[in-house]
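Could you use the hints to bring the two separately framed chains together as a complex?
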Amino acid sequence: MSSTTAWMVVGATSALCFSIKLFGYYVPERWLAHPRLQRVNALIPISLLSALVVAEGLVSKTSVVIDHRAAGVAVALGLLFAKAPFPVVVVGAAGASALVYHLH
Amino acid sequence: MTDERRQTVRDALSVAVTVGTYGVAFGAAGVAAGFSVLQTCLFSLLTFTGASQFAAVGVMAAGGGAASAIATASLLGTRNALYGLQMAPLLRAQGLKRVAAAQITIDESTGVALAQSRRGVHAMRLGFWITGGGTFLFWNLFTLFGALGAKALGNPASWGLDAAVPAAFLGLLWPRLTTTFLRVVAITSMAFALVVTTWLPAGLPIIASVVVAIALGWGER
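Those protein sequences? They're chains S and R, same order as listed. Residue numbers for the first sequence follow our numbering, so the first one is 2 and each next one is one higher. Residue numbers for the second sequence follow our numbering, so the first one is 310 and each next one is one higher.
This is chain R alone, in the form it adopts within the complex (with noise of 0.2 Å):
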């Protein structure tokens, strides 16, 4: 193995480690939120995109419906669309593998790839699959550990787990708040949600949040 690449690899675990404990604080979050054990587990199985599974709990454990869960989680998932457009070339997957390719590609992978172009084409690939397969490995195992901690605690006030849940929400936002502007529509959805809480259904004013980020992004700036 070249250093360059051993360099790709030393990334990639790096991250896939670090992110993948956070797990233990989702886990935590889906028993804390009324889901069982499994259910908690299965999200990180099968939905693998960590804001999205924070948010469904999250509306749930708020009070909200079904269906605004679902929404909100899917709308904070659609990054990864963009995220796979931008893959797909480089990855050239086919069949299984594209599925494979398509359930890991997430921030991390995504990140982790972009950031090795200047190694060339094969230290992008060997980034996303040891990033998105690390990380999913990771994230698995501390969800499980998390959700089994959770229920041995019991009540989640108690712990402060019903807290842990909006610090983990204000921890992913905050590296994403790279500009003013950024930081001016963050305060001003803010704002929005805790203005339209008293008189929408409980769950609501967080989708209804994203006319924020529709006024604020439709014109140029």
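Pulled out of the complex, with its shape left as it was, chain S reads as follows (with noise of 0.2 Å):
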């Protein structure tokens, strides 16, 4: 990644999530209460999470492979059934992981 290409994701991310919630203050309410928008908004979030999960998890460029990350989001599902709190199931999926990359 160049420092430019950097620069644009954090200036245009920022621009863009700030416009987003100043936009929420603005709007006339009835423009955003229509269900189908609010049940599809409602969903976006664990479309995406969900994507982002794989995608970091269990992708490798453009092909799914299982390594070291992998174990650690094992890792990171066994600590969420079991209830941990979020720093507990990153902390633990980070140990796995870097257990693996090493013994490998």
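Honestly, I wouldn't trust all of these hints.
[Stated by the list, open to error] In silico SDA-like links for lysine to any residue, alpha-carbon gap of 25 Å or less:
#1 S:K62 / R:W468
#2 S:K84 / R:T327
#3 S:K62 / R:S345
#4 S:K62 / R:I496
#5 R:K460 / S:A71
#6 S:K84 / R:I496
#7 S:K84 / R:R319
#8 S:K84 / R:T330
#9 S:K62 / R:G343
#10 S:K62 / R:F501
#11 S:K84 / R:W483
#12 R:K460 / S:H103
#13 S:K84 / R:V326
#14 R:K460 / S:T6
#15 R:K406 / S:P29
#16 R:K406 / R:R314
#17 S:K84 / R:F490
#18 S:K84 / R:L486
[To be verified] Which stretches of chain S does chain R cover? Using the computed rule of at least three CB atoms under 8 Å from a CB of chain R, they are:
#19 8 to 14
#20 17 to 24
#21 38 to 47
#22 50 to 56
#23 59 to 72
#24 89 to 101
Derived from the structure by calculation, the hints contain no laboratory data. Quick reminder that beta carbons are idealized off the backbone N, C-alpha and C, glycines included.
Here you go:
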């Protein structure tokens, strides 16, 4: 990633995310009140976060790869089932992944 | 200060401190993805919506293009507009105060504000400002710690930082999966992303998964 690309991502993401927040304070309520829009909007974070888990944990470039990261994600899943708090989940996943990375 | 007021402040501060410390994971993820410490900190100051920030650096780390990163992060941020819609009549903030309110309109500040509804509108306002302001403070502070820490550690894979990012996404996703239908949406989206990975450019499967949200959210259920 070039420095220009990095700055563009930081700048554009920040500008758009802030504009979206401010938009909510100015838009007439009926514009966003459509039930279909609300239903889809509620599902968007779930779809994107799910895809991000896969893309970050099981994919390298454009192929599906099971490596040390998958071990980390598996441990994270187990910790979430055990109702562990967020920091424990993240640190547990990192620890498991690092362990597999070094054993390999 | 009345007992109820004190309870609202306590609720707000506990959320702000807990969520704020997660900033350390974002700081580390930003640097591991190839952003500088300054750029990573600017994300937390200016973007200030956790899932979108993780998405922007996550798509870049996955080899995606800038447009894909920006679009994915923005789509994840659209829910904040709906929060603003709920908060606007409650806060009645004008001018610069409204700009500040918009910037701290996130899952946590809206959640705490709405949870105070039985304590009245003043408690809701108090909950919003303290949760939003407190989270902003701690999130930025811990982003800096995480970014400096990751820079000092070096190779991200050696410390498991490359697995910490998908784990963070899973941790953000988990509390949202409150019904069977939402779990079906999550599993379908994961399967969809896996299937399209081999024939879409890197980074695109993430934003493409929105079609699952549209398809499953279109009809009434």
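Verification of the supplied hints:
1. For the hint linking K62 of chain S to W468 of chain R, the alpha-carbon distance of about 21 Å falls within 25 Å, and the restraint holds.
2. Between the alpha carbons of K84 of chain S and T327 of chain R the distance comes to roughly 16 Å, so the proposed pair stays at or under 25 Å and holds.
3. For the hint pairing K62 of chain S with S345 of chain R, the CA-to-CA distance comes to about 22 Å; that is within 25 Å, so the pair holds.
4. This hinted pair checks out: K62 of chain S and I496 of chain R have alpha carbons roughly 22 Å apart, not beyond 25 Å.
5. Of the supplied pair hints, the one linking K460 of chain R and A71 of chain S holds, its CA atoms being roughly 24 Å apart against a limit of 25 Å.
6. At roughly 20 Å between alpha-carbon atoms, K84 of chain S and I496 of chain R fall within 25 Å of each other, so this suggested pair holds.
7. Between the alpha carbons of K84 of chain S and R319 of chain R the distance comes to roughly 23 Å, so the proposed pair stays at or under 25 Å and holds.
8. Under the criterion of a C-alpha separation no larger than 25 Å, the hint pairing K84 of chain S with T330 of chain R is consistent with the structure, at around 18 Å.
9. Of the supplied pair hints, the one linking K62 of chain S and G343 of chain R holds, its CA atoms being roughly 16 Å apart against a limit of 25 Å.
10. A C-alpha spacing of about 16 Å is found between K62 of chain S and F501 of chain R, which places the hinted pair at or below 25 Å, so the restraint holds.
11. For the suggested pair K84 of chain S and W483 of chain R, the alpha carbons sit about 10 Å apart, so the restraint of at most 25 Å is met.
12. Proposed proximity of K460 of chain R and H103 of chain S is supported: the alpha carbons are some 20 Å apart, at most 25 Å.
13. Between K84 of chain S and V326 of chain R the alpha-carbon distance is near 19 Å, which keeps this suggested pair within the 25 Å criterion.
14. Between K460 of chain R and T6 of chain S, the direct Cα distance comes to roughly 20 Å. Compliance with the 25 Å bound is thereby established for this hinted pair.
15. A distance of roughly 19 Å separates the Cα atoms of K406 of chain R and P29 of chain S; the hinted pair therefore holds under the 25 Å criterion.
16. Proposed proximity of K406 of chain R and R314 of chain R is supported: the alpha carbons are some 22 Å apart, at most 25 Å.
17. For the hint linking K84 of chain S to F490 of chain R, the alpha-carbon distance of about 21 Å falls within 25 Å, and the restraint holds.
18. Between K84 of chain S and L486 of chain R, the direct Cα distance comes to roughly 13 Å. Compliance with the 25 Å bound is thereby established for this hinted pair.
19. With a cut-off of 8 Å between beta carbons, the segment 8 to 14 of chain S has 6 residues touching chain R; three or more are needed, and the interface restraint holds.
20. With a cut-off of 8 Å between beta carbons, the segment 17 to 24 of chain S has 7 residues touching chain R; three or more are needed, and the interface restraint holds.
21. Only when three residues or more bring their CB closer than 8 Å to a CB of chain R does the claim for the segment 38 to 47 of chain S stand; here the count is 9, and the claim holds.
22. For the segment 50 to 56 of chain S, the assignment as covered by chain R holds, since 7 residues bring a beta-carbon within under 8 Å of that chain's beta-carbons and 3 suffice.
23. For the segment 59 to 72 of chain S, the assignment as covered by chain R holds, since 9 residues bring a beta-carbon within under 8 Å of that chain's beta-carbons and 3 suffice.
24. Figure legend: the segment 89 to 101 of chain S, annotated as covered by chain R; annotation consistent (11 residues with Cβ-Cβ distances under 8 Å, at least 3 required).
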